[in-house]
Amino acid sequence: MLRVEALHKSFDDFKAVNGADLHVKKGALVAVIGPNGAGKTTLFNLITGQLQSDSGRVVFNEEEISKLPPHRICKKGIARSFQIANIFPRLTVFKNVQVAVLSQQKMSSRLFYPASRLVVKETDAILESVGLSDKTAYIAGSLSHGDKRVLEIAIALGAEPQLLILDEPTAGMSPEETRTTMALIRHLAQSRGLTFLFCEHDMEVVFTVAQSIMVMRQGETIIQGAPLEVKANEQVQEAYLGGSDA
Amino acid sequence: MFSEILLKKSFWASIAFFLILMFLPSVIPRFYTYILAVIFVTALLAMSLNIVVGQGGLFQFHHAAFYGVGAYTVALILKKTGLPVWAGFIAGPLTAALAGLIIGAFCIRLTNLYFGMLQISLGSLLWAVAFRWYSLTGGDDGLHGIPIPDFIAALNGAYYFILIVLTVCLIVMYLIYKSPFGSTLQAARDNPERCAAVGVNVQRLQLSAIVIATFFAGVAGVLFVVLEHSVFPDLLFWVLSLEVFIMCLLGGWFTFAGPIIGAAITISLRTFAGAYTEYWTMILGIILILLIFFLPEGVMGFIIAKLRGKDIEMAEKEAE
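Line by line, the protein sequences are chains F and P.
Residue 45 in numbering that gives the first Met the number 0 sits at position 46 of the first sequence, and the numbers go up by one each step.
Residue 95 in numbering that gives the first Met the number 0 sits at position 96 of the second sequence, and the numbers go up by one each step.
None of these hints come from the bench; they were simulated from the model.
Computed from a prediction, not measured in an experiment: that's the story for all the values here.
Worth double-checking, as some hints may not be accurate.
20 Å max Cα-Cα, derived EDC-like pairs, lysine to aspartate or glutamate [to be verified]:
#  : chain 1 : residue 1 : chain 2 : residue 2
1  : F       : Lys147    : P       : Asp139
2  : F       : Lys74     : F       : Asp133
3  : F       : Lys75     : F       : Glu4
4  : F       : Lys25     : F       : Glu4
5  : F       : Lys25     : F       : Asp53
6  : F       : Lys74     : F       : Glu63
7  : P       : Lys177    : F       : Glu121
8  : F       : Lys74     : P       : Asp149
9  : F       : Lys24     : F       : Asp53
10 : F       : Lys147    : P       : Asp189
11 : F       : Lys24     : F       : Asp12
12 : F       : Lys66     : P       : Asp140
13 : P       : Lys177    : F       : Asp123
14 : P       : Lys79     : P       : Asp139
15 : F       : Lys25     : F       : Asp12
16 : F       : Lys14     : F       : Asp53
17 : P       : Lys79     : P       : Asp149
18 : F       : Lys25     : F       : Glu61
19 : F       : Lys74     : F       : Glu159
20 : F       : Lys24     : F       : Glu61
21 : F       : Lys147    : F       : Glu176
22 : F       : Lys147    : F       : Glu127
23 : F       : Lys105    : P       : Glu192
24 : F       : Lys75     : P       : Asp149
Could you build the full structure based on these sequences and the hints that come with them?
Written out as structure tokens, the structure reads:
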């Protein structure tokens, strides 16, 4: 469904992404791992159009999307969350998600109809599926960190994506929150048939949840394969997992 | 839908307020009627600015330029052409919106302060035109004795006309505020990057907001001409833009009606404190400093927070 081929991006002399390759099959849970500064977030920003690549291709559903702006890529069916909780802090939880649904339904530019009557059911359904339905009236900025991260996923869901890209979905979460969030992601993958691409620092999470893992180092793809295959790869052990004892 | 509106206290309060304002000119002295009319015109200008500043989060630093464009357009049409009055009244806002579209299209490519700086320069260009083009605009003398139709030429007629136009504009603005467009605009203010990532073309959205806001600024410009029968370059001067920006902050830029209060406070200060000292802006400055420390959400934001707090307290008591 998503194919990244020999992608390059440099900032001045620093090669942030230097030959990244990635395959994501429909319905799969794919993880990207690598040490800090390996270029994971940059790779995601290139896929979703926040950054423009220098060379290489991003192909989604057999269509090249490398040169499109973020809002067009979203309409193609790729939604994302960000590494830092990226929500609309002054709006209510309900509105946060509603804005995404309105955009998906192409209603964002309607001027004279009260928004409070539009896409209420769809928005409530999404909030229910992520477990935020008891907090819809809260101002989003006042939520706990864990809830903000979940709200981010809910906003992304509002765009009705086929592929959901999550940049460290459990960063800064307590072990308890991490478990709930990963359970939520697995639940969403099954119930909605969503495809997930995420990066994550917590190796335990990665190796239990992901079906395919891509390892990056210094902007370069070392390997992509099933968890066991990746674990066995010597280069990966050297570069990342800290020697053969990992 | 309508039954819901009828049940709202704020709806009835607004109606009562409107009726009182309609009734006022027959009991208060002429001077106060005039001041109220000035407040209405300024309030509309501040409200229009708040669409982009409060809801859109854009640094629209030279909003008065569009107010002036609206005022000059209608003044020129009424004074120098034989076109009917209504054509002038419609052309004012439309020209302002067109100026908003052109200037906005340049500015929207930049963000934050850069947006504001570019807008000040382009807006000042318009001011320079009004200031220098003597044969057309009368230069720094402006244009005076603009013929206004009889039924709104006298002060009371102008007052009612301005009040009614203001009311209609406020209703339309409120609908926009509550619409999907308004919600999305506020979302783009809070987090433009996130907003683009859910599929919104943020630049186009913000440019539309600028066009809408400058249209209403043009309406305010027309109302100014109706009230004063004259125009002068100060209408486009950046100092006025700053003053209007302060009105938004003062009243509460994250609330819908805050700028009206901000305009009322500023105009009252200028009129009543200005009668005693020419340094009335110093009082405004002190109020602004106090505001930043004690009411960072503005006067209206403070009132709303208080009311909400009361509602929550009441609900808690009932729950017990």
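The hints, checked one at a time:
| no. | hint | in the structure |
| --- | --- | --- |
| 1 | F:Lys147 to P:Asp139 | violated, 55 Å |
| 2 | F:Lys74 to F:Asp133 | violated, 29 Å |
| 3 | F:Lys75 to F:Glu4 | holds, 19 Å |
| 4 | F:Lys25 to F:Glu4 | holds, 17 Å |
| 5 | F:Lys25 to F:Asp53 | violated, 27 Å |
| 6 | F:Lys74 to F:Glu63 | holds, 14 Å |
| 7 | P:Lys177 to F:Glu121 | holds, 19 Å |
| 8 | F:Lys74 to P:Asp149 | violated, 55 Å |
| 9 | F:Lys24 to F:Asp53 | violated, 25 Å |
| 10 | F:Lys147 to P:Asp189 | holds, 14 Å |
| 11 | F:Lys24 to F:Asp12 | violated, 33 Å |
| 12 | F:Lys66 to P:Asp140 | violated, 53 Å |
| 13 | P:Lys177 to F:Asp123 | holds, 19 Å |
| 14 | P:Lys79 to P:Asp139 | holds, 18 Å |
| 15 | F:Lys25 to F:Asp12 | violated, 36 Å |
| 16 | F:Lys14 to F:Asp53 | holds, 10 Å |
| 17 | P:Lys79 to P:Asp149 | holds, 18 Å |
| 18 | F:Lys25 to F:Glu61 | holds, 13 Å |
| 19 | F:Lys74 to F:Glu159 | holds, 9 Å |
| 20 | F:Lys24 to F:Glu61 | holds, 12 Å |
| 21 | F:Lys147 to F:Glu176 | holds, 11 Å |
| 22 | F:Lys147 to F:Glu127 | holds, 15 Å |
| 23 | F:Lys105 to P:Glu192 | holds, 18 Å |
| 24 | F:Lys75 to P:Asp149 | violated, 58 Å |
Comparing the model with each earlier hint shows violations of hints 1, 2, 5, 8, 9, 11, 12, 15 and 24; every other hint is respected.
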